[in-house]
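Visitor: Sequence:
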Amino acid sequence: MGKFIYNSSVREIEIEDRTLAHLRVAILNKLRRSESFAMTWEHGVENGSGRTTIWLHESIPLQFVFSGNRPPKLNRLWIEQMLLSANSTAGLQFVPEPAENDPIDAE
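For the sequence shown, position 104 (counting from the first letter as 1) is numbered 103 according to numbering that gives the first Met the number 0, and the numbering increases by one without interruption.
Hints in this document: simulated from the structure, not taken from any laboratory. Please read all numbers here as calculations on a predicted model, not as lab measurements. Don't take every hint at face value.
Pairwise CB distance ranges (calculated) [said to hold, decoys possible]:
{"no.": "1", "residue 1": "G67", "residue 2": "S33", "range": "29 to 35 Å"}
{"no.": "2", "residue 1": "V94", "residue 2": "S35", "range": "29 to 35 Å"}
{"no.": "3", "residue 1": "A98", "residue 2": "N6", "range": "32 to 38 Å"}
{"no.": "4", "residue 1": "G67", "residue 2": "S87", "range": "27 to 33 Å"}
{"no.": "5", "residue 1": "P70", "residue 2": "S48", "range": "29 to 35 Å"}
{"no.": "6", "residue 1": "G90", "residue 2": "R10", "range": "25 to 31 Å"}
Every residue gets a Cβ at the ideal spot worked out from N, C-alpha and C, and that includes glycine.
Use the sequences and the hints to build the structure in full.
Guide: The structure is reproduced here in structure tokens:
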């Protein structure tokens with residue numbers, strides 16, 4: 000289970016490593032083009048339900064901390080779906096992974 004840390008916050012969001020790897024690519028693609036956007040996730044019943052939305056901007060520090068040391072093969076379609084959601088008014092949301100069509104290297 001990896002962690003997403005935003006703005007040097009004491010709050011860390013636990014995200015499964017495979018999902019985090021895909022989010023990393025989508026988020027970094029947006030930020031390197033100087034495109035700010037919102038990201039929303041649900042807390043889940045085990046964390047009291049509810050949801051959180053943050054605004055991602057290139058000037059605010061963020062970290063992707065992975066528990067495993069092997070980068071997964073990435074699913075290009077999943078990244079594209081994440082980027083499409085990031086471009087919407089609702090912002091980037093965790094979408095389920097589609098079937099792999101064209102896996103790409105993680106780096």
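Visitor: Please go over all the hints and tell whether each is borne out by the structure.
Guide: Results for each hint:
1. G67 / S33: 29 to 35 Å: holds, 31 Å
2. V94 / S35: 29 to 35 Å: violated, 20 Å
3. A98 / N6: 32 to 38 Å: holds, 35 Å
4. G67 / S87: 27 to 33 Å: This hint holds: roughly 30 Å between Cβ atoms.
5. P70 / S48: 29 to 35 Å: holds, 32 Å
6. G90 / R10: 25 to 31 Å: Roughly 18 Å apart at Cβ, these two residues miss the hinted range, so it is violated.
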